[in-house]
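Participant: Protein sequences, first through last, are from chains A and B.
Under our numbering, read the first sequence as residues 2 to 545, first letter to last.
Under our numbering, read the second sequence as residues 731 to 1002, first letter to last.
It should be emphasised that the hints constitute simulated quantities derived from the structure, not laboratory data.
Treat each hint with caution, since some may be false.
[Stated by the list, open to error] Dumping the calculated DSBU-like pairs for lysine-lysine here, alpha-carbon to alpha-carbon at most 30 Å:
no., chain 1, residue 1, chain 2, residue 2
1, B, K850, A, K426
2, A, K53, A, K142
3, B, K974, B, K991
4, A, K426, B, K822
5, A, K179, A, K162
6, B, K850, B, K880
7, B, K868, A, K426
8, B, K945, B, K850
9, A, K226, A, K179
10, A, K230, A, K162
11, B, K767, A, K426
12, A, K226, A, K162
13, B, K945, B, K844
14, A, K327, B, K844
15, B, K844, A, K426
16, B, K889, B, K868
17, A, K66, A, K53
18, B, K767, A, K327
19, B, K844, B, K880
20, A, K226, A, K142
21, B, K945, B, K868
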Amino acid sequence: MSAQLPKTKGIHHTKGEPLVWLTAMGLTIGLVMVASLLLVIISQGVGVFWPKRVTRFVLPDESGKRIEVDGVVVKRQLKTAEAGKAPIEEIQIYTGNREVYSLAFRYLDVHRITSESLPADALLIERLENGNAIGTPISLKTGSSTGLPAEDPSFRSGLAKAIEEASARRSAIDHLEKHVIGRNAAEISELEVRAKSAAPDRQQALEADIATLKTRYQELAAEAKRLRKVQNEQSLEYRLASGETRTVAIGSIIDHHYPNQLGFLSRFGRFCENLWNFVSERPREANTEGGIFPAIFGTFVMTLLMSLLVAPFGVLAAIYLREYAKQGPIVRMVRIAVNNLAGVPSIVFGVFGLGFFVYFVGGSIDRAFFSQCLPNPTVGTGGIGWAAMTLALMTLPVVIVATEEAVVAVPRGAREGSLACGASKWQTIQRIVLPAAVPGILTGMILAMARGAGEVAPLMLVGVVKLAPSLPLDLEYPFFHLNQKFMHLGFHIYDLGFQSPDSEAARPMVFATTLFLILLVIVLNLGAILLRERLRRRFATAAF
Amino acid sequence: MDQITSKPIVSAPAEAPQTGRDSGYVSIRDYDFFYGKQQVLFSISMDMPERQVTALIGPSGCGKSTLLRNINRMNDLIDGISHRGDILIDGKTIYNPHIEVTSLRKRIGMVFQKSNPFPKSIYENVVYGLRVAGGYTKSQLDQACEEALKSAALWDEAKDRLTDSALGLSGGQQQRLCIARAVAIRPDILLMDEPCSALDPLATSRIEELITELKKDYTVVIVTHNMQQAARVSDRTAFFYLGKLIEYDSTLTIFTTPKQKQTEDYITGRFG
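Isolated chain A, as found in the complex (with noise of 0.2 Å):
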């Protein structure tokens, strides 16, 4: 203590301290820059489902005529005007009645604006067609006759009653045409086939039995056709912010709701609900409207089939490489290029999956097995089976990598011990390295589902389309269709963005979608890292 210390000329000229702060902005930098990421995917993406009010705006046209139109605001924005002037402020405006006005939105200068109001009774129609709707209800018309006025207190219920039941009925006819009436031709078919084949005496019968199956089509023909006459009996009347009176059937209705009477709890409730439609339904007018259901079951499966892969290969070729090769200048050159593989562009693989499995590959078992069903291909086309191989192989080095260093990791000490017992090299590998090595294993798996799941270039050669007609795993026999085209949320992301008609109409949903995409990614990696967890606990090599 009575030691003199060496005498410091001020706290400024401490060495190193520059540096710290230097490490420090880094770090600030990065933190500042994930959080603004997350802040505007997620501000941008949960604002679309929350319903906003409708305004009336009134405001002379360009001819000076009065002109009136609903809308939801979207966003200020300042516009610059001619020069030498201040720039003006415009708002965006979403009006729907895409049918009427050709387009959902809408720019008005404020100062234009002569007068803003909320007008109560807007209704909000989600439509089968055209987007949404937004106008006062009239009536709810039966037939050709005056219906049911907008006034009557029964109107409200009445209407909501037949919105539903006309839900009801379309699931009902969805049902008989995709699954009854295509079980149905399926038989029938298959009959026709047999009966070509089959020795006289039997033919008879197999015809009488198609006979039977064709009346029972011509049923089931008759039915869907009635259901859909019914869909159409009954129509919402509504009149436009100009005055315009239009009329939609009530079976093109989806869904309904009067955006200026919501209290805040229905207001969540409906907020809710929007959440729930986009990420349990099938997209809609060129992926616009409705849901992305179909886009997120593809990634899940696609990265799921693409791990399940991946992992025994990338383990695998690690431990030879690290156990059992000969560490030299070849093994060396080997690992070199696995390292190198990591870095080629993701194109280069969606290349070679086109060329090598679904051209070869796929081409060669269609003409072995499918010869009958060429020139068109069963399996010689993309499908979610070539994707995941695909994808596999770009992220089988980072699975290599991460389990020869899980490998190396594992204690001199324990190998010992287990070859002192009189274990073989393998059964060393197998009972000590292997479960030691696991959580590093796992680590690679991480890495590799990420960046599997966010791929989206090599999937656009080998399977990704804008539109896939069902699911790859269904409860059709053989349930898992690896050769069936699938949705995959990255290339969703793109195809609204940048390929829809009205991009303006799909932005929200672009940032909806990305946020899904990252949550994807986050539940996978969060499963991955509780089972690592899980592991890393029993496997806990303190004493080493």
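Let chain A serve as the given structure and place chain B on it in line with the hints.
Facilitator: Below, chain B without anything else, positioned relative to chain A:
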């Protein structure tokens, strides 16, 4: 230390002992050993009689651990090793190309400097050697586990927590668990590479007691840096220096009347 045979034994015993096992008589003949081009053992010839404790002492880097690890061919893991001469166990070479090295290691248990229990339960640690050998029933495994833990003086402490992780044991207990794991395969020979160097004095004395017990059943070869330990537990002591066997005699002789000046200097602490 009163049962020491004064003259070195030069040949294997003619008769196998009555226990049904081989006796575990190790003899080393003109043994040279190389890491790459570097020679680390020079013409070692010595016999380690069955059911006795042979201690290998010497300064660090003198080759005693290398010799120990060659008895069960643990050094085979290292690239670029070679040897001349031979090591015989009960008169048979350990380098017989027709015999798997794993079957050799099943006859020779080994305990390492740092305790290295596997990240498994205590039970699974003890029966590991039997599991990899295969062909044991559950009751045989249970019995072997109990016997091994008893002979490693760990049964009383571990019998109620056999399914707990072995990593929850204390350092001394872990080392005794490693001894139990080594004796569970019923070897003839037990090799110990500085088994107490990482342990406190109390745990060390328990292991030493254990070694004295174990020599009733096993040929024990122990490498140690602790001169008192060699004097306490061993029947015969070999002193190594720079890869050469300087002196090998009964422990009593080595510690009281060594013939070589270097041995005397080392055990009295004048160098090394």
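Participant: Next, verify each hint and record whether it holds.
Facilitator: Verification of the hints:
no.	hint	verdict
1	B:K850 x A:K426	holds, 19 Å
2	A:K53 x A:K142	holds, 28 Å
3	B:K974 x B:K991	holds, 15 Å
4	A:K426 x B:K822	holds, 24 Å
5	A:K179 x A:K162	holds, 26 Å
6	B:K850 x B:K880	holds, 19 Å
7	B:K868 x A:K426	holds, 25 Å
8	B:K945 x B:K850	holds, 28 Å
9	A:K226 x A:K179	holds, 14 Å
10	A:K230 x A:K162	holds, 18 Å
11	B:K767 x A:K426	holds, 27 Å
12	A:K226 x A:K162	holds, 22 Å
13	B:K945 x B:K844	holds, 22 Å
14	A:K327 x B:K844	holds, 28 Å
15	B:K844 x A:K426	holds, 21 Å
16	B:K889 x B:K868	holds, 17 Å
17	A:K66 x A:K53	holds, 28 Å
18	B:K767 x A:K327	holds, 19 Å
19	B:K844 x B:K880	holds, 22 Å
20	A:K226 x A:K142	holds, 21 Å
21	B:K945 x B:K868	holds, 28 Å
In summary, the structure agrees with every hint in the numbered list given earlier.
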